[in-house]
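Asker: As you go down the protein sequences, you meet chains A and B in turn.
Going by UniProt numbering, the first sequence opens with residue 1, and the numbers climb by one from there.
Going by UniProt numbering, the second sequence opens with residue 1, and the numbers climb by one from there.
One or more of the hints may lead you astray.
Some chain A residues near chain B, calculated using beta-carbon distances under 8 Å [to be verified]:
#1 Val195
#2 Asn198
#3 Leu199
#4 Ser207
#5 Met209
#6 Met214
#7 Val216
#8 Val220
#9 Ile221
#10 Gly222
#11 Arg224
#12 Leu262
#13 Phe266
#14 Gly278
Just so you know, these hints were derived from the structure itself, not from any lab.
We put the CB at the ideal spot given by N, CA and C, even for glycine.
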Amino acid sequence: MLYREAGQFKASYQEDQQIFPIRQDRIGMAVILAFFFLAVPMLASQYWLQAILIPVLIFSLAAIGLNILTGYAGQLSLGSAAFMAVGAFGAYNFILRIDGMPFLVGVLLGGLSAAAVGVAFGLPSLRIKGFYLAVATLAAQFFIVWALVKFPWFSNNSSSGVITAQQIEILGFAFNTPESKYLLTLAIVTVLAFVAKNLVRSTTGRSWMAVRDMDVAAEVIGIRPMRAKLSAFAVSSFYCGVAGALYAYTYLGTVEPEGFSLDLSFRILFMIIIGGVGSIMGSFLGAAFIVLLPIFLNVGMHAVFGSAMPAGMASNLELIIFGGLIIFFLIVEPHGLARLWQLAKDKLRLWPFPH
Amino acid sequence: MMMNDMANVASSTGGGGRRIGEVILDLKNISLRFGGVKALTDISFDIREHEIRSIIGPNGAGKSSMLNVINGVYHPQEGQILFRGEPRQKMEPHMAAAQGIARTFQNIALFKGMTVLDNIMTGRNLKMKCNLFHHALFFGKAQREEIEHRKKVEEVIDFLEIQSIRKTPVGRLPYGLQKRVELARALAAEPTMLLLDEPMAGMNVEEKQDMCRFILDVNDQFGTTIVLIEHDMGVVMDISDRVVVLDYGKKIGDGPPDEVKNNPDVIAAYLGTSH
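Bound-form chain A, shown alone (with noise of 0.2 Å):
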């Protein structure tokens, strides 16, 4: 009943190009602002923001980079990770060598380094398609990882290529508080995302799809195929890069060039897989899902079990699940978490009536 859009009408293209065409979803997606800036950090605990909140909101960006590049654009990719490397040491190194080097700008700049070594590991993909371009981007993983370990210079000299990210600090405010950390994390992923949907109702998103689903028409019609997959790569590894470099800062403090291995490039591919393909809103539902699933395994074996069974025997158990219960949705849902949402919102265009 509520949901529903009779009685709006279009009267200007520009009413139509809307991101959120519908009324309600405008005003779900003003309350479910609101609840996050406002409410959230003043209700979740401090466990909540930190361990939780903050690594779901980056492991979203990181969604959103690697959707518009495999969701939209159509080149699988194994290298997230990695780019979100790039972009972690990237910021660090613009903080640390260029004297007063504001925090954002610093982030920027490591976006765009993940973005340039995105365009240069993204140049197979002019040649080759599919799994061998996964394959491909391999190398951008191992390299890249091997590359911050060999090259001291990239830690600043550190053993084993371990950074510790600096103090956050913006127009001399210090970001110390999980609050303040996760509000700036919440802001950035806010304008990122909206970016993201921007660009792919754009005609720029337009001939990433197109180059997806039929490039031979796509080049016919004057779309470059090289720009389209080029500007994708860039894009999406912009996105890892700054994911990458809020992964430093706003969540774990200090990193190592092994913690993006090539197990994280997988939870990303996760994430998307789980969420929706070629969905941004699915890149923050798979990445809340695959983050907080775990956490809700485990706090549930607790409760029923308590102390009664070996705790090596829980965490196992807790994996055998998680790795069911990824299984069940992909044969429910093989379009993933974004497409049950797509569905119940035409469900409820129609209820209370089944017509």
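Since the structure of chain A is provided, determine the placement of chain B on it from the hints.
Answerer: Same frame as chain A, now just chain B:
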């Protein structure tokens, strides 16, 4: 003057008052090989402005290869192509698109994951000037450009009578409508030359009639030159100005429909001869 116009109308079998103009594309001695397979051998013909030029021939005759040569997907090993009198150098498909050559495909080549509207909007791609940074902001320049091109796209949508399916993902549409959307995408580019690869394959009579009407209207109203590959001889002979006949990669006939129909080589290729 009046008489002259009348004569032109009479001479064009298809539509209204379009004037067949100069040679726009001249193909000279084109040969195309894939390894040892000769797809096209020494083919020459020309295409005049505003005409409907059909390419026919049995399966595997090289018709689609011919279209692919015209819009730069394939590069012939021998021969020369003159576009508006200028010899063509190395050609990529997007350059052909920039010269105003649009096409549809034999097997529908729509962007399956996108809506009808987005598919047609991609046809405007070459005319859009905003870059990635404008798009990231969306408001301002990119939005104005988007609206301006949306108006053009809506004109095409009206022209092809597909208003009701604007927001539908193309994957959900029936075959005949998908073909129409593909035509819309090509038209959105406002091409001077439109290459149609079997636009009526697999359609029922009614859909064929609609498609014929659209092709004639495009040709008539916008003066678009049309290169048509089609197996329905009734359609081809009805709407074409001139017809090229290919068989086994060689040209075996070229001329107005009536002449081609009575060409013994063409009859032999299509019906076989008694030896």
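Asker: Take the hints in turn and mark each one as holding or not.
Answerer: Consistency of the hints with the structure:
Residue-level restraint check for A/Val195 holds (minimum Cβ-Cβ distance to chain B is 5 Å; threshold 8 Å). The interface hint given for A/Asn198 holds, since its Cβ lies 4 Å from the closest Cβ of chain B, which is under the 8 Å cut-off. A cut of 8 Å between beta carbons decides the hint on A/Leu199: the least distance to chain B is about 5 Å, and the hint holds. Annotation: interface hint on A/Ser207 holds; nearest CB of chain B at approximately 6 Å, less than 8 Å.
Given the 8 Å rule on beta carbons, the hint for A/Met209 holds: about 5 Å separates it from the nearest Cβ of chain B. For A/Met214, the interface hint holds, the least distance from its beta-carbon to any beta-carbon of chain B being 5 Å, beneath 8 Å. Checking A/Val216 against chain B by beta carbon gives a least distance of about 7 Å; that is within 8 Å, so the hint holds. Here the hint on A/Val220 is kept, as its CB sits about 5 Å from the closest CB of chain B, short of 8 Å.
Against a cut-off of 8 Å between C-beta atoms, the interface hint on A/Ile221 holds, since the closest Cβ of chain B lies about 6 Å away. A least Cβ separation of about 3 Å between A/Gly222 and chain B falls short of the 8 Å threshold, and the interface hint therefore holds. Hint on A/Arg224 holds. Least Cβ distance to chain B is approximately 5 Å, under the 8 Å limit. Contact between A/Leu262 and chain B, as hinted, is not supported at the beta carbon level, the nearest pair being about 28 Å apart and thus beyond 8 Å.
For the restraint placing A/Phe266 at the interface with chain B, the shortest Cβ-Cβ distance is roughly 24 Å, beyond the 8 Å limit, so the hint is violated. Hint status for A/Gly278 relative to chain B: holds, with the closest Cβ pair at about 7 Å, below 8 Å.
In this structure, the earlier hints numbered 12, 13 are contradicted, and the remaining ones agree with it.
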